[in-house]
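Chains as they are written, first to last, in my numbering: chain A, 2 to 271; chain B, 2 to 271; chain C, 2 to 271; chain D, 2 to 271; chain E, 2 to 271; chain F, 2 to 271.
Don't read these hints as lab results, they were simulated from the structure.
Mixed in with the good hints, there may be bad ones.
As the list claims (entries may be wrong) - Computed cross-link-like contacts, PhoX-like style, restricted to lysine-lysine with a CA-CA straight-line distance of at most 25 angstroms:
| # | chain 1 | residue 1 | chain 2 | residue 2 |
| --- | --- | --- | --- | --- |
| 1 | C | Lys26 | B | Lys255 |
| 2 | D | Lys15 | B | Lys93 |
| 3 | D | Lys26 | E | Lys255 |
| 4 | E | Lys264 | D | Lys26 |
| 5 | A | Lys140 | C | Lys266 |
| 6 | D | Lys255 | F | Lys93 |
| 7 | E | Lys93 | F | Lys255 |
| 8 | B | Lys255 | A | Lys255 |
| 9 | D | Lys93 | E | Lys255 |
| 10 | D | Lys266 | F | Lys140 |
| 11 | B | Lys140 | A | Lys266 |
| 12 | E | Lys140 | F | Lys266 |
| 13 | F | Lys93 | A | Lys15 |
| 14 | F | Lys15 | F | Lys93 |
| 15 | D | Lys93 | D | Lys255 |
| 16 | F | Lys264 | E | Lys140 |
| 17 | B | Lys15 | D | Lys266 |
| 18 | C | Lys26 | C | Lys255 |
| 19 | E | Lys26 | F | Lys255 |
| 20 | C | Lys140 | B | Lys266 |
| 21 | E | Lys26 | F | Lys140 |
| 22 | E | Lys93 | C | Lys15 |
| 23 | C | Lys93 | B | Lys255 |
| 24 | C | Lys26 | B | Lys264 |
| 25 | B | Lys15 | B | Lys255 |
| 26 | D | Lys140 | E | Lys266 |
| 27 | B | Lys140 | A | Lys264 |
| 28 | F | Lys26 | F | Lys140 |
| 29 | D | Lys264 | F | Lys6 |
| 30 | C | Lys264 | A | Lys140 |
| 31 | D | Lys26 | D | Lys6 |
| 32 | E | Lys264 | E | Lys15 |
| 33 | E | Lys15 | C | Lys93 |
| 34 | C | Lys264 | A | Lys93 |
| 35 | C | Lys140 | B | Lys264 |
| 36 | A | Lys255 | B | Lys93 |
| 37 | C | Lys15 | C | Lys255 |
| 38 | C | Lys15 | A | Lys26 |
Note that the structure is predicted; figures quoted are calculated from it, not measured.
Number of protein chains: 6
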Amino acid sequence: MTEYKAFRVELADKIARVVINRPEKINAMDAAFWTEIIDIFNWVDATDDVRVVVLSGAGEHFSSGIDLQLLASVGSQLGSDVGRNAEQLRRKILSLQASFNAVDNCRKPVLAAIQGYCLGGAIDLISACDMRYSTVDAKFSIKEIDMGMAADVGTLQRLPRIIGDGMMRELAFTGRTIRGDEARSIGLVNRTYADQQALMEGVLELARDIASKSPIAIRGTKEMIRYMRDHRVDDGLEYIATWNAAMLQSADIKVAIAAHMSKQKPDFAD
Amino acid sequence: MTEYKAFRVELADKIARVVINRPEKINAMDAAFWTEIIDIFNWVDATDDVRVVVLSGAGEHFSSGIDLQLLASVGSQLGSDVGRNAEQLRRKILSLQASFNAVDNCRKPVLAAIQGYCLGGAIDLISACDMRYSTVDAKFSIKEIDMGMAADVGTLQRLPRIIGDGMMRELAFTGRTIRGDEARSIGLVNRTYADQQALMEGVLELARDIASKSPIAIRGTKEMIRYMRDHRVDDGLEYIATWNAAMLQSADIKVAIAAHMSKQKPDFAD
Amino acid sequence: MTEYKAFRVELADKIARVVINRPEKINAMDAAFWTEIIDIFNWVDATDDVRVVVLSGAGEHFSSGIDLQLLASVGSQLGSDVGRNAEQLRRKILSLQASFNAVDNCRKPVLAAIQGYCLGGAIDLISACDMRYSTVDAKFSIKEIDMGMAADVGTLQRLPRIIGDGMMRELAFTGRTIRGDEARSIGLVNRTYADQQALMEGVLELARDIASKSPIAIRGTKEMIRYMRDHRVDDGLEYIATWNAAMLQSADIKVAIAAHMSKQKPDFAD
Amino acid sequence: MTEYKAFRVELADKIARVVINRPEKINAMDAAFWTEIIDIFNWVDATDDVRVVVLSGAGEHFSSGIDLQLLASVGSQLGSDVGRNAEQLRRKILSLQASFNAVDNCRKPVLAAIQGYCLGGAIDLISACDMRYSTVDAKFSIKEIDMGMAADVGTLQRLPRIIGDGMMRELAFTGRTIRGDEARSIGLVNRTYADQQALMEGVLELARDIASKSPIAIRGTKEMIRYMRDHRVDDGLEYIATWNAAMLQSADIKVAIAAHMSKQKPDFAD
Amino acid sequence: MTEYKAFRVELADKIARVVINRPEKINAMDAAFWTEIIDIFNWVDATDDVRVVVLSGAGEHFSSGIDLQLLASVGSQLGSDVGRNAEQLRRKILSLQASFNAVDNCRKPVLAAIQGYCLGGAIDLISACDMRYSTVDAKFSIKEIDMGMAADVGTLQRLPRIIGDGMMRELAFTGRTIRGDEARSIGLVNRTYADQQALMEGVLELARDIASKSPIAIRGTKEMIRYMRDHRVDDGLEYIATWNAAMLQSADIKVAIAAHMSKQKPDFAD
Amino acid sequence: MTEYKAFRVELADKIARVVINRPEKINAMDAAFWTEIIDIFNWVDATDDVRVVVLSGAGEHFSSGIDLQLLASVGSQLGSDVGRNAEQLRRKILSLQASFNAVDNCRKPVLAAIQGYCLGGAIDLISACDMRYSTVDAKFSIKEIDMGMAADVGTLQRLPRIIGDGMMRELAFTGRTIRGDEARSIGLVNRTYADQQALMEGVLELARDIASKSPIAIRGTKEMIRYMRDHRVDDGLEYIATWNAAMLQSADIKVAIAAHMSKQKPDFAD
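Bound-form chain A, shown alone:
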């Protein structure tokens, strides 16, 4: 397993555990974070043995968002021509976005387990995951508004598809902190747990369940839901028909039906 500076990564039982690992900095997202996350999710995507990912933060908090030093260093690289600065900033933002696109585009489901603070860039990150789970006292805030800027690495783009439009605007305009239970009631997280240990046990159980399914079927399912976020129903129907035209010729369906008939657990190839 590769060593990372901002992360700790483990693989067991087909589940990759990806842990943001700067607890002394409240897991703030520094330069290493933004490049390593791409490598990690490319590895997840390419490794047949990984069927599902659990993303979490080491220590008491999930993450406080982008490291302010990184933000400052971007500003310090600007020159005197507004137009050339704009080009440089635009490319920098696109490059930061690419880090979370790697999570969003990953073919395997990504489950976020969240405790303590989940602020600013951390909201952008969990918006790019498939599902979110938290402790009941986790604290969420779209902090960018208090930095004098509109969030630009995914929160404003992906979160409106996840929570209601009206509350989305309130949270984005005010940066108000909400806790786990309110997060659950607006659909930001699927379920809350009493404490961090119960959270990790609950999420790992879900991950094990998903890892036991046909990987072909899981990947097709994720691709279709991802596709529907941005496409029409008729296009989606045509797309799954084209997709399944190949996938229904896979052995997994026979494995599944045989297991169903014999009332045994199916065993799918990677």
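Position chains B, C, D, E and F against the provided structure of chain A, taking the given hints into account.
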């Protein structure tokens, strides 16, 4: 009234009651089901006397989804060339999808009344209805994942517009069974009822209410909501303006306003 | 401050208070209403001193919707050629829609405070606002169905993005009246208050909070959420990158960070 | 081969020849025409032995467009309520459009061979074909404007994708008649021929060439070009990747490469 | 007729002649130009007596594009904060675009008659017209590139739909001047004329022809072609069906058919 | 300058010359080609000193397309499960597409200079360039159809935007070889030259002209045209307004205007 093998269809008081009628097979969707449902909804669409549809399942369950024998027979018709098989499968899937498109595209509102099991293909079916109501102990599951396949007749395309994105993925990846009350809390059903009798009474009352409105206005309303599932707000505004340019010249508005003034129930032509 | 016939408008502490002011007519939307609202929101948009808008209704009710006399006068102007009538009606509807588009397109957040009746056209109006708050006993109804017509000034276009699809259809087909608490549970309003005074205090507190943020950041945030209602995630990411390429060169970020460091309240230029 | 009233259909050498066969009426499109064309193209789509279609008109002309008696009969069925008439007309137009959608959606390439008059509805028809060829003295006109109506069965929707936007508008606004050579210079036809015999020989030679290719490859190619008329480049790239994921496992590629190596003509299964 | 500073406007025989009237300044587009053009096209849109517009330039040239003084004055209004400048510039550009959107959205066909120079902003303008005609020696250039900027009032948005993509890029990257004959060969103009007098005679003859058609049919036709520039074929088919549902109930079709039968010129109401 | 196996790359006078350099293999696209082209265009994108690219082929031909050995090796890596093969092929195709996306997405204009054969994959490649120029006797063919497959690295996606729809289909269905002059008449190339030397001189002259313009303006122009290939006119107008909000604050406009006034050549910073 035409006789059907997989359905029982009745028309009274402008309400068409469409009942999946294979209770001894848990209303599994066999070959007859997939062709008859198109005929039924074409008839609904073409018959002025039908203003609203109530769709339900005979016996203790709504439906267990696609008949496994039908699935097996599709597989048995494949040949040796992967490409030609793919073309054949693609067309077969498109043809199954057309059955539920007939429900979705029907100009009259379709209310699903659900008790007992509602599994796999049955979720695809109710996703194509306008509204869903269930008993409190109904059981819903996106069962396709356990057949080793991605759902391909509408669940993954239509359900994300109805329930929240995060829970959508959890249910689709795990096939977890949820009951009526959880279904209501995530917006899958609008309301739950204590038992099957209360369910049918409640849904029929709603149906009668809808049947008493201007059919011109109901159809325009349904068309606009259907359209907005896939289109932009500005396109939607232009579309309703073009639509109402004709419809506001209908007599129904005068009938409605006259009834409003005289505090009587309006009586609209079919 | 300009004088209006259908509205009362005040500006204080960077908050514009826009009050529909025909309480004796339950704030029904007459001809003056539809033209004045455009002027008001153009003024809001152009006036740097306005950072946020609170929209409410004078008296016991928010609004009963379009004035029936206005509706009748539209009908009375029609001639004998169906085609030319259709053109005239289409343009009239587009022109009414433009009044609420002015609210939707306004660059500053618009908070609706709702008590009493909120019927028909009033639902179209609040659907064009950013957020909605109400008393617990406010009464909402998509009344157009009982006028024999499909709602055509925004409800059917904007509301499905705000509340769940299934309940959307039920409310639009039946015109059923719901109260504040149900409105909150389906996401139509963000929060309910015990009475009108608590409502206004609560909404004004929110407005003050928003008014204290960087206006550059608030406007960017609103534009991005508005954009995502109708665009793809990848387009949205490219758009915010282009937008922030200029905006991150603003002084507001430095002001925000300096305030953050010194633990003081930032003071942003208009 | 089925007998048709408005058409003559032949199948030889994998080429279906579909001939509009009412020469005494300048091949005007009567009621039989509109229903039979759907049956014919469904048969084309379902018959493996058909690889390409040549569509032409019997006698001196291709077609004068919709039969005026049919148009008149539509008008005579209208009642007194403008709204209900509008619904009826809308459905009638959608049903006529479906006849040409059957041509457009057909999986096999359709080549139109055009001589003499090609007017009104005949332009709608050839706009739904894959390619168009004509005699040098063929006469084309978007005749609907002189009937006091906007063309509504496909010309205004499909032709702007085929010819230039500026000339499109001139022809649609004026109904000006253009001849084969001008049609070729604006891209309406691919090639002109001196007379009807040369036209048919040229088009049949093209058809034979297409019929000799891999039918899997031809169908994939047509589907992709059809798809790109309405979709983004990135969506198109993803779609062909999904499509070819199955099709590249077909035997046709091995057949093609083997033939290429041995410099012989490949022989593809239907 | 209203008096304008930058234009001369005449109405005769249902044809509005709109002439840019600053020949001493090569018809450069000054502040008056940008506001008056909106008023003029609103008047065109609202005046039933206007059925078609001919747009031209007084003197030897069509127009040299935006007035450099106007450009300079925009720059001189900027302050010191890059972010606030960006907001101001963005709104200024949107406001200039609105001037040519008024031409594009006008319900009546607009024919541009072009002689001499047609540079920079003048290309943006003619791209918003329906059709373009020129003298054989007219000179076209996308001049913005030589001002150090990307064209932002419509050329880059509308012209790619009119001329070929490859040549579009060459002209936009180089600002190369092309003459009338090359403009015709790439589809930028529909036809060239030997000199200015022949040009005006030719364009007016076309305009008279269009003015003699059913105004209902002309407007529907323009709306459909405009719509197809940005929409899918299936959406376009649904839109024209909804549109014609009303318009086919107009008297114009009967007038047209009666005239057709009696071989007389039809006379349509405005 | 990096050394490449399949390419030769030079940089002089702000023009990058990228030459496919396997003349002994007719510049067939081997494994090295597909990875190196990404590196090259990333370098182009990131290197301020490069303002424009000229892409050509060494020797007598531009390129014969994908190397058949590469195609064979893809097939040889497939296993026995159709579903897993499909996933592997899908990802392989997406990865090949990424190579030409790097050309398409490059911020600097790319001019293709084509002589001799330009077959199969080479058509996909030049479709991703900005402009195309060729010798009069160059030979173009969409060769994939004769390999028994639908072209899947960009021809079917990008070429329909460049040449007419009707001729697009003929060329894609038949694989017919066309020469430079026909290529020019359908818009595939912008201009033809008598021989290879005249071609290179002509293209380099164009490249020099483009290199002399403001790089900020060139990049904005390219981005806008690229954007319009897939977006609506109204979205495009909003996008350029947002883009230019920053770019109009660049010094290049002042440089350009000053040069214009003094009638001297402007000198823009990289």
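Comparing the hints with the structure gives:
1. C/Lys26 / B/Lys255: OK: C/Lys26 and B/Lys255 at ~22 angstroms, within 25 angstroms.
2. D/Lys15 / B/Lys93: Cα-Cα ~24 angstroms, so holds.
3. D/Lys26 / E/Lys255: holds, 22 angstroms
4. E/Lys264 / D/Lys26: Holds - the C-alpha atoms of D/Lys26 and E/Lys264 are around 19 angstroms apart, at most 25 angstroms.
5. A/Lys140 / C/Lys266: Given pair A/Lys140, C/Lys266 holds - Cα atoms ~22 angstroms apart, limit 25 angstroms.
6. D/Lys255 / F/Lys93: holds, 18 angstroms
7. E/Lys93 / F/Lys255: Judged against 25 angstroms, a Cα distance of about 19 angstroms means the pair holds.
8. B/Lys255 / A/Lys255: violated, 61 angstroms
9. D/Lys93 / E/Lys255: holds, 19 angstroms
10. D/Lys266 / F/Lys140: Holds. D/Lys266 to F/Lys140 sits at ~22 angstroms (cutoff 25 angstroms).
11. B/Lys140 / A/Lys266: holds, 22 angstroms
12. E/Lys140 / F/Lys266: holds, 22 angstroms
13. F/Lys93 / A/Lys15: Given that 25 angstroms is the threshold and the Cα spacing comes to 24 angstroms, the pair holds.
14. F/Lys15 / F/Lys93: Outside the cut-off at roughly 34 angstroms; violated.
15. D/Lys93 / D/Lys255: violated, 48 angstroms
16. F/Lys264 / E/Lys140: With a Cα-Cα distance of about 20 angstroms, the restraint between F/Lys264 and E/Lys140 holds, given a limit of 25 angstroms.
17. B/Lys15 / D/Lys266: With a Cα-Cα distance of about 64 angstroms, the restraint between B/Lys15 and D/Lys266 is violated, given a limit of 25 angstroms.
18. C/Lys26 / C/Lys255: Violated. C/Lys26 to C/Lys255 sits at ~50 angstroms, over the 25 angstroms cutoff.
19. E/Lys26 / F/Lys255: holds, 22 angstroms
20. C/Lys140 / B/Lys266: OK: C/Lys140 and B/Lys266 at ~22 angstroms, within 25 angstroms.
21. E/Lys26 / F/Lys140: violated, 49 angstroms
22. E/Lys93 / C/Lys15: holds, 24 angstroms
23. C/Lys93 / B/Lys255: At roughly 19 angstroms apart (the allowed maximum being 25 angstroms), B/Lys255 and C/Lys93 satisfy the hint.
24. C/Lys26 / B/Lys264: holds, 19 angstroms
25. B/Lys15 / B/Lys255: Holds - the C-alpha atoms of B/Lys255 and B/Lys15 are around 22 angstroms apart, at most 25 angstroms.
26. D/Lys140 / E/Lys266: Holds, because 22 angstroms separates the two Cα atoms, which is no more than 25 angstroms.
27. B/Lys140 / A/Lys264: holds, 20 angstroms
28. F/Lys26 / F/Lys140: Holds - the C-alpha atoms of F/Lys140 and F/Lys26 are around 17 angstroms apart, at most 25 angstroms.
29. D/Lys264 / F/Lys6: Since the Cα atoms of D/Lys264 and F/Lys6 sit roughly 31 angstroms apart, the hinted pair is violated (cutoff 25 angstroms).
30. C/Lys264 / A/Lys140: holds, 20 angstroms
31. D/Lys26 / D/Lys6: Judged against 25 angstroms, a Cα distance of about 13 angstroms means the pair holds.
32. E/Lys264 / E/Lys15: Holds - the C-alpha atoms of E/Lys15 and E/Lys264 are around 23 angstroms apart, at most 25 angstroms.
33. E/Lys15 / C/Lys93: holds, 24 angstroms
34. C/Lys264 / A/Lys93: Not OK: C/Lys264 and A/Lys93 at ~29 angstroms, beyond 25 angstroms, violated.
35. C/Lys140 / B/Lys264: Distance of about 20 angstroms is within 25 angstroms: holds.
36. A/Lys255 / B/Lys93: holds, 19 angstroms
37. C/Lys15 / C/Lys255: holds, 22 angstroms
38. C/Lys15 / A/Lys26: violated, 38 angstroms
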